[in-house]
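Chemist: Listed below, chain by chain, are the residues.
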Amino acid sequence: MLEVKNLVFAYPDQKAPWNFQFSVAPGQCIAIHGASGSGKSTLMNLLAGFLEPQSGDILWQGKSLRHRPPWHRPMTSVFQEHNLFEHLSVEANIGLGIHPGLKLTQEDQLAIERGLQSVGLGGFGKRIPGDLSGGQRQRVALLRTILRQQPMMLLDEPLTGLDSDTRDLLRQLLLEQKALGSLIVLASHDDEDRQVLADSICRL
Amino acid sequence: MLIRAFTLLLLTLLAVSANAEKVSTLTIYTHPSFAAEWGPGPAVKDAFEQTCNCQINYVVLDSGGDILQRLRLEGKSSEADLVLGLDTGTMETTRQTGLLASHKTDLSALNLPVDWQDPVFVPYDWGYFAFVYDTEQLPEPPKSLEALIAAPDSLKIIIQDPRTSTPGLGLLLWMRQVYGDQAPEKWQQLKGKILTTTKSWSDGYFSLFMNGEAPMILSYSTSPAYHMAVDKTDRYQAAEFEEGHYLQVEVAALVKSSDQKELGQAFLDFMLSADFQRHIPLKNVMYPATDLGDELPAVFDKLIQPAEALYFDPKMVTDNRRQWLNEWLDAMTR
Amino acid sequence: MNLQPSAPFSRPGWRLWPGLAIAGALVVLAMAGLGALVWEASLPDMNELWRSRYLRTVVAFTVWQAFLSVVLSLLVAIPVARILARQSGFPGRVVLLRLMELSLVLPSIVAVSGLVSVYGRQGWLTGFANDWLGASWNLYGINGIVLAHVFFNAPLAARILLQAIESAPTSQLRIAAQLGLGRWWYWRAVEWPAVKPIMPGLAALVFTLCFTSFAIVMTLGGGPAATTIEVAIYQSLRFEFDAGQAALLAMVQLAICGFLWWLAARDGLTASLLPDRQVASHRSKAGSSFWARSGDAAALGLFVLFLVTPLIAILLRGLPGIGSAFFPEGSFSVNPALLDATLRSLAIALPAGLMSVSASLLILACGTAASQPAITRLTNVAAYLPLMVPPLVLGTGLFLLFRPNLGNSSEGLILVTLINAMMALPFVLQMLRGPMGNLDSASRQQADQLGVLGWYRWRWLHWPRMRRPLALAMAYGTGLSLGDFGVIALFGSLGQPTLPVLLYQQLGSYRIDAAAATGLWLVLLLLMLFSLFNRLGSPLFNAGLASKSSRTVPEPEHA
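Protein chains in written order, with our numbering: chain A, 1 to 204; chain B, 1 to 334; chain C, 1 to 559.
In isolation and in its complexed conformation, chain A is listed as follows:
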């Protein structure tokens, strides 16, 4: 269970601070809904530990995550763009999710290869992100998130701006993950995304 309790945050020049509060169970997807500037990305950054809240807490399975650094939080983020290291190959980008020092076993390599095939990128392992389209890059990012096998996924507009085929494919992937027990926090403008994926909605 992920519980966000009275999480308060304000940027230095911001008058009215945000206050976030919701909870989600594993295998569920919560959609964060709000106009741009309503704090969706800020919330994602707070959950991931890229920002420090002023007060409140984040609990996972009853334990506080608030003072843990990003690398000790059981989640993986996907943003609208800039999800990949531009100088590393697709394989390496995914591999770093499996082992942060790229010490990959034969099985890991095989899993990456199969994963790439499953998202329609078979044989793209050696390319660098600069050679891929936006949709292909998002597929790589999502594949890394899946193979990293963390209990939570933080998705910040992950499908925005992609063609409809890719969107369908990625939605399908996310549904599968949800069925396998992943908890998804999804920030999205898109009504269809919410209808297909979300179990509950948090309005900001």
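Note that these hints are calculated values from the structure, not bench results.
Watch out, some of these pointers could steer you wrong.
[To be verified] Chain C is faced by these chain B residues, among others (derived, beta-carbon under 10 angstroms):
1) ALA43
2) ASP62
3) ASP66
4) ILE149
5) THR164
6) THR196
7) TYR205
8) LEU325
9) ASN326
[What the hints assert, rightly or not] According to the in silico footprint, chain B covers these stretches of chain C (three or more CB under 8 angstroms from chain B):
10) 109-115
11) 118-126
12) 507-519
Note that the coordinates shown come from a computational prediction; the quantities given were computed from them, not determined experimentally.
Cβ coordinates follow ideal geometry from the N, Cα and C atoms, glycine included.
Dock chains B and C against chain A, hints included.
Modeler: Coordinates of chains B and C only, in the frame set by chain A:
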């Protein structure tokens, strides 16, 4: 493979240290031109090591001044048993540190232009400062210091800075010896002819003089000996000045804290023997400190023979150097 | 619940402490040197300094010549860098860049000999000027000093500025190209913003180098009117044995240069000399017309002439002796002395280069890890101490710290290596600062979340993008040590010379031709070294990295 290499290294080190224990080592602080491969250092080392069950270990410092500085820093814990390469400009200051011991060497064999009875320092070679000129550029060099000073400013000379160089200091003393209190005025007259004042003799000789930048450079009266004997050219000669030439004597001394005093003393005695002295003329390009007789290379007969050796007592130099130097600076920057 | 396999050296302390320790050691060293002098003799009254006309003149002259040298170096470097950025495809460009890298690391006596052959009284150019232009030119004096300083520093500055211009953001270049900006506006809109952040650091570096210049100032200065503080310190220590005055002068030097670095550091000294942003493929159209290209060619030709003629002079002077330097007296075996000296030099220079590069990385890591800006600034300025503290003072400090082990053969050589690494640190640091600090925030966050920390972050995020700057930094670090004479002379050696020491020994024994040949050999060796490192850093040579990624990010086109 790695282990084998390591074992080998270890064995070598052990062998070296075992070896080092057996024979005593004489550590000598000296300067680069003495210890160079073609300098007198290696030959002298071989010759001395044959007479004793010992090993000579040269530590090469940049100049006589550096030897003194190192000695001062190390004080009583110095590794040096002997210092070789101080000269009349630095020896008095070194004596005042109280870090040197007196010697027992018999100085009667010395063949210097001045009488030498120093309890601490033993000379091993000597020479005169002189202006070396390029005969192709300057067929008729000035015949005296006075003539040089009176020469038109179109005659360019290269000198070294007395603050950083031994010959540079030599010229300062030379002028002082010849002109006394008039020296600063004479320097002012000379100023227009000085192309530049280099940090060291090497800078001037290599970068400027041998590039033909000026026809005359402050050097040693023995410099032409090398050019004649080794380069086989008479092109570069020293100009003989009527007033006489300033003398430089290079010396060695024992270090008080040495635990090899006997060996050091033996080396000082050896220093005045022919086995040491014969390497001086062409390898150090200076006059030997003792009479070598026929062994003195023939080219040395072709060198200038100054009428008078000008020389200040080292104590006098130490006491007045700072003031003379400030006067020089004043004269040259006014 | 530790979810990630944790990376080696990933605790924050690993980023902070090693660099801080190195910076601290540098400060301790400088202080030990100064302290030793003060301890030996009490510090004279500061007022005495201002009362002495001589010392006042020295300080004023030092500042003045350094100021002139900086201004002129940058005035030469900026147009050269702009032209080289515009004209990216002419033949010989790569060679020219190598030669530009060379000028800084040349031993000064070799470089001065070359300069004198061109600009001296009997020089080629002087003859030409007198015969054809009727102009009289005198090398000796402030013009000679500034000329030599420009020769040493302008190519370095141009080299670094070029890298900055070439890494201007793509978006700006695209807009500039669309608008068809003229040269002036192109400079305002694209080039100046690219070089602006590195200007303070670059100017401070060149200033410090000229400020502490010694032998060149004396050889070309014409007389004692041209005396820098460094000369006065040497005089006080070696000649007058006045440790107090030496310490006072060293402090003045430290204060002036340190203040400048502090200023440069204030403008977020992350003002690096080598920024690394996305590299542009667009080039200005401004350089493409016939007249523009002819103008560029003429200006660049002048610069090439300025840079290359002294090198040719060194070549011509060294050639007659080089045969007998390698094969003495017609024997067919290579001269062991020269070979040994070469190997010995490399044995010192390569580890020294490696050490200075590693130390720079640690210092930079510390600068980004420290939470207080004051720590960042302190470590930054400390790294430049080796340039500001006179070598004699530094040597004294070291001597006192390592007293029992000095003068001893193997320890001595290790120490020489260490000091050489230290002396190269300021240059190496400037080359690496930009690339090291340029991880964008998106990458940083990703890396944090994935646990790519410590060693892993270095291995996978920094290293692949820093190969070229590292190679250049390594080349400079090694080259500076290879051409070094000062450090080894300071500590003494066991009669086994390195190449520069061999050169000075030959000079000291009238072996002029041999010395010229050794000088030439040293220059050739440096050239080979720079080419080698540039090859290692080029994208073509990426065998080491290619195991996981077949292609890396596109890199600047220049070599």
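Chemist: Work down the list of hints and note, for each, if the structure agrees.
Modeler: Status of each hint after checking the structure:
1. ALA43: The hint is violated - B/ALA43 has no Cβ within 10 angstroms of chain C, the shortest such distance being about 13 angstroms.
2. ASP62: The hint holds - B/ASP62 has a Cβ within 10 angstroms of chain C, the shortest such distance being about 4 angstroms.
3. ASP66: 7 angstroms, holds
4. ILE149: With a minimum Cβ separation of about 16 angstroms from chain C (threshold 10 angstroms), the hint on B/ILE149 is violated.
5. THR164: 6 angstroms, holds
6. THR196: Holds - the Cβ of B/THR196 comes within 10 angstroms of chain C, reaching about 5 angstroms at its closest.
7. TYR205: This interface hint holds because 7 angstroms falls under the 10 angstroms limit.
8. LEU325: 8 angstroms, holds
9. ASN326: B/ASN326 check passes; min Cβ-Cβ to chain C is 7 angstroms, inside 10 angstroms.
10. 109-115: Held - the region 109-115 of chain C has 3 residues with a Cβ nearer than 8 angstroms to chain B, which meets the minimum of three.
11. 118-126: That given contact holds, which follows from 3 residues of the region 118-126 of chain C lying within Cβ reach (below 8 angstroms) of chain B.
12. 507-519: n = 8 at 8 angstroms, threshold three: holds.
Violation of the numbered hints given earlier is confined to hints 1, 4; the remaining hints are satisfied by the structure.
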